[in-house]
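Q: Below are the chains, spelled out letter by letter.
Protein chains: 4
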Amino acid sequence: MIVEMRKNATPEEINGVVQKAKSLGLGTQLNVGTDKTVVALLGSNTGQLSTDIFAVLPGVENVARIMKPYKLASREFKPQDSVVSVSGIEIGSKQIVVMAGPCAVENEEQLMKAATAVKEGGACILRGGAFKPRTSPFSFQGLEKAGLELLARAREQFNIPVVTEVVDAHDVSLVSKYADILQVGSRNMQNFALLTALGKSKHPVLLKRGFSCTVAEWLTAADYLLAEGNNQVILCERGIRTFEPSTRFSLDVCSIPVIKRSSHLPLIVDPSHAAGHYALVPAIAKAAIAAGADGLLIEVHPNPKEALVDGLQSLTPSDFARLMKELRLVAKSVGRYI
Amino acid sequence: MIVEMRKNATPEEINGVVQKAKSLGLGTQLNVGTDKTVVALLGSNTGQLSTDIFAVLPGVENVARIMKPYKLASREFKPQDSVVSVSGIEIGSKQIVVMAGPCAVENEEQLMKAATAVKEGGACILRGGAFKPRTSPFSFQGLEKAGLELLARAREQFNIPVVTEVVDAHDVSLVSKYADILQVGSRNMQNFALLTALGKSKHPVLLKRGFSCTVAEWLTAADYLLAEGNNQVILCERGIRTFEPSTRFSLDVCSIPVIKRSSHLPLIVDPSHAAGHYALVPAIAKAAIAAGADGLLIEVHPNPKEALVDGLQSLTPSDFARLMKELRLVAKSVGRYI
Amino acid sequence: MIVEMRKNATPEEINGVVQKAKSLGLGTQLNVGTDKTVVALLGSNTGQLSTDIFAVLPGVENVARIMKPYKLASREFKPQDSVVSVSGIEIGSKQIVVMAGPCAVENEEQLMKAATAVKEGGACILRGGAFKPRTSPFSFQGLEKAGLELLARAREQFNIPVVTEVVDAHDVSLVSKYADILQVGSRNMQNFALLTALGKSKHPVLLKRGFSCTVAEWLTAADYLLAEGNNQVILCERGIRTFEPSTRFSLDVCSIPVIKRSSHLPLIVDPSHAAGHYALVPAIAKAAIAAGADGLLIEVHPNPKEALVDGLQSLTPSDFARLMKELRLVAKSVGRYI
Amino acid sequence: MIVEMRKNATPEEINGVVQKAKSLGLGTQLNVGTDKTVVALLGSNTGQLSTDIFAVLPGVENVARIMKPYKLASREFKPQDSVVSVSGIEIGSKQIVVMAGPCAVENEEQLMKAATAVKEGGACILRGGAFKPRTSPFSFQGLEKAGLELLARAREQFNIPVVTEVVDAHDVSLVSKYADILQVGSRNMQNFALLTALGKSKHPVLLKRGFSCTVAEWLTAADYLLAEGNNQVILCERGIRTFEPSTRFSLDVCSIPVIKRSSHLPLIVDPSHAAGHYALVPAIAKAAIAAGADGLLIEVHPNPKEALVDGLQSLTPSDFARLMKELRLVAKSVGRYI
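Taken in sequence, the protein lines are chains Y, X, B and L.
Residue numbers 28 to 365, in my numbering, belong to the letters of the first sequence in order.
Residue numbers 28 to 365, in my numbering, belong to the letters of the second sequence in order.
Residue numbers 28 to 365, in my numbering, belong to the letters of the third sequence in order.
Residue numbers 28 to 365, in my numbering, belong to the letters of the fourth sequence in order.
No lab work stands behind these hints, which were simulated from the structure alone.
There may be inaccurate statements among the hints.
Identical copies carry no separate label here, and so any pair may be met within one copy or between two of them.
To be verified - With a straight-line cut-off of 30 Å between C-alpha atoms, the simulated DSS-like cross-links for lysine-lysine are:
(1) K47 <-> K352
(2) K63 <-> K105
(3) K121 <-> K227
(4) K332 <-> K49
(5) K204 <-> K146
(6) K332 <-> K95
Bound-form chain Y, shown alone (with noise of 0.2 Å):
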């Protein structure tokens, strides 16, 4: 961390910063330039404080932060790849893993023919919601038991692991006896009772990145995963909010190459909600695999015309199974399979 005192600072100013650095544990060194003192602070858990701590004290002008927020997720703290296996798939090795289906399961006939489409395409895990979070109360709100059920059904009919969200952490451990990988959705990546709890489970969480928080915040989010001994975390991008109103969110294709410098965490890419529009989900996922994405997470319904959430986002069966011929080709571009 480095403090940078203003520029008429006094001696005794500059004092109370190195004096609150060593009650803190920390080291100091001073630089002493021709207009203006910077103190750096030294030590190995920098990250891990606030920078308001020195920034309230008199004469300081700014404080900088130079080590990262986030520490387990980091490569630093880890420089191999983490892989997580679910059932034999390996997700953050050389195969891109796919994981489609519904938004909402509806009920069985939906979820069956999504399941069908599904496991035809190539996919190797199903994704379904029974816990709906939703913008309106108004609005459907999901199957919640009775869905879980349903998907446990179709696990079982269609040897397919299950990837499906919990909006509670009162219902971690009811969740986790029908699916094999827990979902954080984007509002509540920075629920920090539902990530402790999670932490907890050790059993795979899919942790989709909040719409407007950072890749450091997320990397933090993942932290309160890793911190309670869960390291079955799986980062999913899935668009963040910006002024561009043609798409419901903007894909962020930086933040692949980004985070594979900076964490070693599988990361896969959800291309159905960042466009909100089923005719740019195909481009969208080629670049995300083009990119490096480790997997991809894409909303199929049998009916998408009848769908109660997100119709508009979702492929066909057909189109599905068309895309998914065109990604075998991009993967292996890159050196991948699907």
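With chain Y fixed as given, assemble chains X, B and L onto it according to the hints.
A: What follows is chains X, B and L alone, placed relative to chain Y:
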């Protein structure tokens, strides 16, 4: 809702939209333009329908929403201002209600000193966090139940109502025993499990705006509380995330008159979290009152240099006392009082 | 255009809207809903009318635009893809066109070495800045006319067309003498004096997206060029400004399929300015091609460590050669070639 | 400037940074931490150096800027407030200076009526656009020279100084003949050719903030004017682009105290362009004054319903007169007058 068909949409495609509308109990009216056909959907609840239902149909170019997505929070639903009454203090009246105190309850001495400053300065509600949602798992997480007990002691000793945050749906009844107003933090504005629990509790709720949520999403979140029968809802603008790095967030001062036109709910402003720096708080607090806010939520700490959380944005007791004097003048200039 | 009246709008207010529409030569159609009246305005040029004209009338709640604000750049206006031909290179065809070179022309040796690398790597257009718009007046501002002469020399020596930026309407004819494509930088996308001059010149133009402009504003800026009769327009996505600090800008990869659906103009991508860091460029370049871009604009410098401008985002010749090999595979996987 | 080396940077890599610094005339100081080495670069002009120069060197992890990029506009460079004097009106003094008038000059009758309203309401500078930068080429582009002549007539008749926009470097001397203050619009804040020409003119300049530019970029743009010797610079905050759709832009009210701390230049606020709707203008105008702005730029039109440009955000003469009365009270409450 307005459905715009593509340039060469067929009569069958147009009819598909009309039939879908009928199946949902909506009326329709066709506008056959020179270039394209537009279908207007008529009905009193189209604001609660997803645009996707129509956007996904063949031949549709775009769907625009005319009705707002929120209902119970809207001024169209209830034209006169709502007033939330807490121990005789009326939030949403001519009085500007100032809530002040430390970000986190740290210990008895700190809280009592803060309460003294808050009371002497003329604030009428004490704030203080017992459950702290923190970005990093390695940061101080709050005193939890012990913090609530300290707040209750301060409430009694200083005869001042208390507002504190609740972060988990399952803590609502516990926190309700100690606090007069339950605060929903920015990161939980779309934690619908929490909103539903608070809606059922009937306790006054302070609903902070999600730092990346639109005004419409914020009022739709208020609908969750109102739909469960809790009409003791206070909105709190606290800054939105933008590209500007010189402040922690950018206070959306325009949202104040927008909310006053669109909603009947009382609205207060938190200048401390928006600015992130104590030196900026007075200017923003004055702006909020001049723009029509019904109150303020301000961080005050007896010794910001030693604060465990957010020291940089906390006012000292003497700074707070000076600000309150200035705020009284601004309040008077817009026909209100503190 | 759709005019939504307020809940209790009077017949006189509704009639005011109708009369205003008639005075502008528009047809109208009324939708009398249960709650409110909606007036649809019909005519072929409503996309070019300001919504304010109606929003300001008494009794009006809101005005929504159905027609897009851009016209000549739209695919509705011209359904088939436009191809811009520069010295036999077809931009917007099956070939992915790579333009590469240094951010700024610094001296003859630097430019010739860069041109060698660009040519050997397989790029077919040389880029290089002679006029540099710099954020600070104390930064290097470019070699100006001397830079143009160096570019012309490289063009001749390496038999490669040249693209360079023009920053002032009065320089258009000068720069046209030396360059094959005139680039409009991100900060000038809405410099309408410059756009009008370029529109008149009939020279091929590379129109970079303003880093905070929407896709609709970008295509409307293209309309300035097209309206003057210059249809040699190439769009260039180069990243938008968001809250994410880990990259210089966030590449809006979703804009690629959006543009391909909305416009007939060819579109290339600049991964260098979006990323701001050479190590991120390859991933983003591959993503752009996989998503359907028609080309790339990449910064290459013979010695990035000594670059006067933007060294951090420049590739070395060997990195560029390696990337070109990888890009050929990705291009092939989506049915194209470099 | 602070250069953070990678965890395992070699002594050669660290020495490379030191040598580069020396070659630029900078001093260095090394901080050898437990995990990594940090090199502080010392010198009085590091704020004007690009961080890329060091970020590109081998072994470097990150480069952080301590010094601000702007210099002449900073309060460190000139601690006391600057006051810009226009025909005896002092902008940046205790007086709140209100500039008002129509967005565009349309004809003589409109301008004279507007000037009457502006003068009677108590504004002391008349605004009006002759050159209009419009998003679409099909919109009204302003009366140009004829508009300037009408402004000059109003200036004489009402004995009131005039502010108007200049959009092209080559128009500076023409517009200077007619106007007392030359306005740089938001889209031209980084039109460096225009800034340089205005810097040379020595005429007072009103520099609007680019709607997506940071405060630091804005003050760096002011440096372009100041560096050419023109210190008659007035800043104008007019709202930034964010994700919020309910207003045209989001007024960054926090920038007011930030600028007052960082810069000596006077600062006014344009509530009309931020809000985009006349009904929101009064609240935002009051907030701006309460937050410490030195003046306002407000759109007033004798008949907004017939305005050719931006009618929705224009006040009528009677609304303007009422607002001015309210603003006087707010100004007084913060120790100023109108």
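Q: Compare the structure with each hint and give your call.
A: Going through the hints against the structure:
In the homo-oligomer, the alpha carbons of K47 and K352 never lie at most 30 Å apart, since the shortest distance is 61 Å inside one protomer and 33 Å across protomers. In this assembly of identical chains, K63 and K105 lie within 30 Å of each other by CA distance solely across copies; the values are 16 Å between and 38 Å within a copy. For the homomeric pair K121 and K227, the shortest alpha-carbon distance inside one copy (29 Å) is at most 30 Å, but the shortest distance between copies (49 Å) is not. For a Cα distance limit of 30 Å, the shortest separation of K332 from K49 across copies, 15 Å, qualifies, whereas the shortest one inside one copy, 65 Å, does not.
Taking the closest pair of Cα atoms, K204 and K146 come within 30 Å of each other only inside a single copy of the chain (22 Å); across copies the shortest separation is 52 Å, beyond that limit. Taking the shortest Cα distances, K332 and K95 sit within 30 Å of each other only across copies (23 Å), while inside one copy they are farther apart (46 Å).
Checked against the numbered hints given earlier, the structure breaks only hint 1 and satisfies all the rest.
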